[in-house]
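Protein chains: 2
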Amino acid sequence: MHFSIDRKYFYDKLSIVSRAISVFSPLPALSGICIDLKDDSMTLTGSDSNISIRTVIVPGELNNLDIEEEGSIIIDSKYLLEIVRKLDCKNIEIEVIDYSLVRISSDNGQFNLNGIRSNEYPDIDFTQPNHHFVLKATDLKSIVSQTAFACSDKDQRPVLMGVNFNSQGNMLYCSGTDSYRLARKTIELGSSQDFNITIPSKSLTEVVRSVSDDDTIDIFADSKKAQFVFDKTIIQTRLIDGTFPDVQRIIPTSCVSKMLVDSYEIAGTIDRTNFIRNDKVHLIKLECTPQETHVKTYSSEIGNSDEVLTKCEYEGEEISLTCNGTYMLDAIKALGCEKVLIEFSGFMKPIKVSNPEDASVLMILVPIRSYD
Amino acid sequence: MHFSIDRKYFYDKLSIVSRAISVFSPLPALSGICIDLKDDSMTLTGSDSNISIRTVIVPGELNNLDIEEEGSIIIDSKYLLEIVRKLDCKNIEIEVIDYSLVRISSDNGQFNLNGIRSNEYPDIDFTQPNHHFVLKATDLKSIVSQTAFACSDKDQRPVLMGVNFNSQGNMLYCSGTDSYRLARKTIELGSSQDFNITIPSKSLTEVVRSVSDDDTIDIFADSKKAQFVFDKTIIQTRLIDGTFPDVQRIIPTSCVSKMLVDSYEIAGTIDRTNFIRNDKVHLIKLECTPQETHVKTYSSEIGNSDEVLTKCEYEGEEISLTCNGTYMLDAIKALGCEKVLIEFSGFMKPIKVSNPEDASVLMILVPIRSYD
Numbered sequence: 123m124h125f126s127i128d129r130k131y132f133y134d135k136l137s138i139v140s141r142a143i144s145v146f147s148p149l150p151a152l153s154g155i156c157i158d159l160k161d162d163s164m165t166l167t168g169s170d171s172n173i174s175i176r177t178v179i180v181p182g183e184l185n186n187l188d189i190e191e192e193g194s195i196i197i198d199s200k201y202l203l204e205i206v207r208k209l210d211c212k213n214i215e216i217e218v219i220d221y222s223l224v225r226i227s228s229d230n231g232q233f234n235l236n237g238i239r240s241n242e243y244p245d246i247d248f249t250q251p252n253h254h255f256v257l258k259a260t261d262l263k264s265i266v267s268q269t270a271f272a273c274s275d276k277d278q279r280p281v282l283m284g285v286n287f288n289s290q291g292n293m294l295y296c297s298g299t300d301s302y303r304l305a306r307k308t309i310e311l312g313s314s315q316d317f318n319i320t321i322p323s324k325s326l327t328e329v330v331r332s333v334s335d336d337d338t339i340d341i342f343a344d345s346k347k348a349q350f351v352f353d354k355t356i357i358q359t360r361l362i363d364g365t366f367p368d369v370q371r372i373i374p375t376s377c378v379s380k381m382l383v384d385s386y387e388i389a390g391t392i393d394r395t396n397f398i399r400n401d402k403v404h405l406i407k408l409e410c411t412p413q414e415t416h417v418k419t420y421s422s423e424i425g426n427s428d429e430v431l432t433k434c435e436y437e438g439e440e441i442s443l444t445c446n447g448t449y450m451l452d453a454i455k456a457l458g459c460e461k462v463l464i465e466f467s468g469f470m471k472p473i474k475v476s477n478p479e480d481a482s483v484l485m486i487l488v489p490i491r492s493y494d
Numbered sequence: 123m124h125f126s127i128d129r130k131y132f133y134d135k136l137s138i139v140s141r142a143i144s145v146f147s148p149l150p151a152l153s154g155i156c157i158d159l160k161d162d163s164m165t166l167t168g169s170d171s172n173i174s175i176r177t178v179i180v181p182g183e184l185n186n187l188d189i190e191e192e193g194s195i196i197i198d199s200k201y202l203l204e205i206v207r208k209l210d211c212k213n214i215e216i217e218v219i220d221y222s223l224v225r226i227s228s229d230n231g232q233f234n235l236n237g238i239r240s241n242e243y244p245d246i247d248f249t250q251p252n253h254h255f256v257l258k259a260t261d262l263k264s265i266v267s268q269t270a271f272a273c274s275d276k277d278q279r280p281v282l283m284g285v286n287f288n289s290q291g292n293m294l295y296c297s298g299t300d301s302y303r304l305a306r307k308t309i310e311l312g313s314s315q316d317f318n319i320t321i322p323s324k325s326l327t328e329v330v331r332s333v334s335d336d337d338t339i340d341i342f343a344d345s346k347k348a349q350f351v352f353d354k355t356i357i358q359t360r361l362i363d364g365t366f367p368d369v370q371r372i373i374p375t376s377c378v379s380k381m382l383v384d385s386y387e388i389a390g391t392i393d394r395t396n397f398i399r400n401d402k403v404h405l406i407k408l409e410c411t412p413q414e415t416h417v418k419t420y421s422s423e424i425g426n427s428d429e430v431l432t433k434c435e436y437e438g439e440e441i442s443l444t445c446n447g448t449y450m451l452d453a454i455k456a457l458g459c460e461k462v463l464i465e466f467s468g469f470m471k472p473i474k475v476s477n478p479e480d481a482s483v484l485m486i487l488v489p490i491r492s493y494d
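Going line by line, the protein sequences match chains A and B. Take 123 as the starting number for the first sequence in the working numbering and just add one per residue. Take 123 as the starting number for the second sequence in the working numbering and just add one per residue.
It is worth saying that the hints were derived from the structure and are not from the lab. Please note that the accuracy of each hint is not assured.
You can't tell identical chains apart in this list, so a pair holds if it fits in one copy or across any two.
Stated by the list, open to error - The calculated lysine to any residue pairs, modelled on SDA-like cross-linking and capped at a C-alpha distance of 20 Å, are: (1) Lys130 <-> Thr338; (2) Lys418 <-> Leu223; (3) Lys471 <-> Val369; (4) Lys471 <-> Glu437; (5) Lys208 <-> Asp428.
Pulled out of the complex, with its shape left as it was, chain A reads as follows (with noise of 0.2 Å):
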């Protein structure tokens, strides 16, 4: 194997597939990038075997690729990536002069890294399953960055730990939860597909960390597995096995009282109120009445505190419930947007939190027994 690229747009490429890699990996090969020059391309593969990437470059005037020879080998990402990034030169030299003794050469010095051989890497099937539907790239930023974050990070639950994504007809519900809140994305797909599988965010944030603003992202799904194909890479990820809950059933139809609040506003005051944690949860209380509604925390170690919000519009019951305040701050925070609307549907009931301006993305919380 021999080829020289440009030094750069390597590094990009060896980035990508380099998020798939595991650096507790129990097999030693799949701790390196394999490296597979064939039929005037190369490919690069990484994976921990739940997810994996691959990605294909075709020589071109942005990379530079020169292929001198054909061959495969596997190379420690760790220090192939440590090296490409900090040579200082326009185009690097790669070649195996040595069984599996690898040449990295720049203008002023070779490195010489122990690889392994191509044939160790393990078998990764990247068939394409059947179903398939088209996200453009900001959709499925939106969807990840406003349902993930509510999804569990603890295995007890492990269908907790991903993004559901539910199809039926043309609607697309992605729904992250767990089990005291759920944020849920709706998008409207080009075509009518009918599936429901549970993705794990841990791949959802790698695919969006991979992807630019432009790309188009060809999605193809079974039960077992789902792939993101763009610009000439495929992330592959094994999807959850077990029920995701029915999460509409969880959804307030109706509401005792709302608020419409400014963002900055109640961000900054439930922010303000973290520095009291009882048992290390973040807890607030809410007492509003079409009056004034404060925002209130208490602990007999520390101290207690008291604001009111002043660009509030609050309207229907008093109503005085605890929630977590964190939960409350992500919600608000992933929302994104300048008023934020909660309703409330009563004491101990769901509060949903949305936009006033774009129904298409809604959280739930659920309140929590309080001290008083």
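Fit chain B to the given chain A structure using the hints.
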């Protein structure tokens, strides 16, 4: 106690005194900032009993300080700083409302923190030591940035955890060493002095973080403590006991060969060898002849590298030795000059690294017995 003050100004002063406070203080009072209002001024004190910071605020236009009632209290620094930082108003009001309950009021709300009565604060002796000299803040900053990095971070030999300030006549020699390397900066003092003290490098770092570039710093010292006084602030630190090694004798007085090299090039080259670490130590091998200077590294497990320095003038004997690459890189970065002069005094003898245009600062490195 009752006062109001400009929020931003107060926050900046709290930040300075809080630097002395350790979160792991065994004495509850020391996890707080002591606020003392008396004689128409406010004194803030923070301490971890090794380093103590005191600053005085007198009412003025900048700070808007308005003292309504004298008194004193200790407030937990973590909570106080967090609240004052996040508040979204120009002025804040602080008062003790009930025995030791402190109320912080902003435009829209109130925060009550459980304080501690100020009589529980330990007595800290801020009397001024005898020796006195003056340094510009910029000089103190270069002393610290060019010597403190070489201090030991292990407490096996506590005296090596500090920078030694040794004054003879009107010359001040500042040295940091961990016994494998030495960094020395020489400063000319305005007056003749005779002292030899070792200041914890941690304390020096706090001092330079607190001073502004246009400050002039009065330094007072005796055999037990040192005080840095500037802008109504005193930073006082305990000194390290013990005899600092006589570092003068390890500075080579002659050399067998020397190398004048572009700093950017050699720093980049050494940084690129960092992918190889032998037992977590970053070793580099310098192979120098008047024709070519090589920077090499080797590990049987990972691989090897070999780069030639192109912007390098070398004269004298051929030499080949191994040293700690991280230490060499630290030294080159601390010099911060365009070209760096590396002088060799022989095989396994100290290497001197210096700025050819500034004799006030020099670095010494001890070579390491290598693998081959």
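Structure-based check of each hint:
1. When the C-alpha separation of Lys130 and Thr338 is checked against a cutoff of 20 Å, the pair qualifies neither within a copy, at 24 Å, nor between copies, at 46 Å.
2. In the homo-oligomer, the alpha carbons of Lys418 and Leu223 lie at most 20 Å apart only across protomers (17 Å), although the nearest pairing inside one protomer, at 64 Å, exceeds that limit.
3. For the identical chains of this complex, Lys471 and Val369 are intra-copy neighbours only, at 15 Å inside a copy versus 72 Å across copies, given an alpha-carbon limit of 20 Å.
4. Taking CA atoms no more than 20 Å apart as the test, Lys471 paired with Glu437 passes inside one copy only; the shortest distance there is 17 Å, against 82 Å between copies.
5. Taking the shortest alpha-carbon separations for Lys208 and Asp428, only the inter-copy value of 15 Å comes in at or below 20 Å, while the best intra-copy value is 52 Å.
Checked against the numbered hints above, the structure violates only hint 1.
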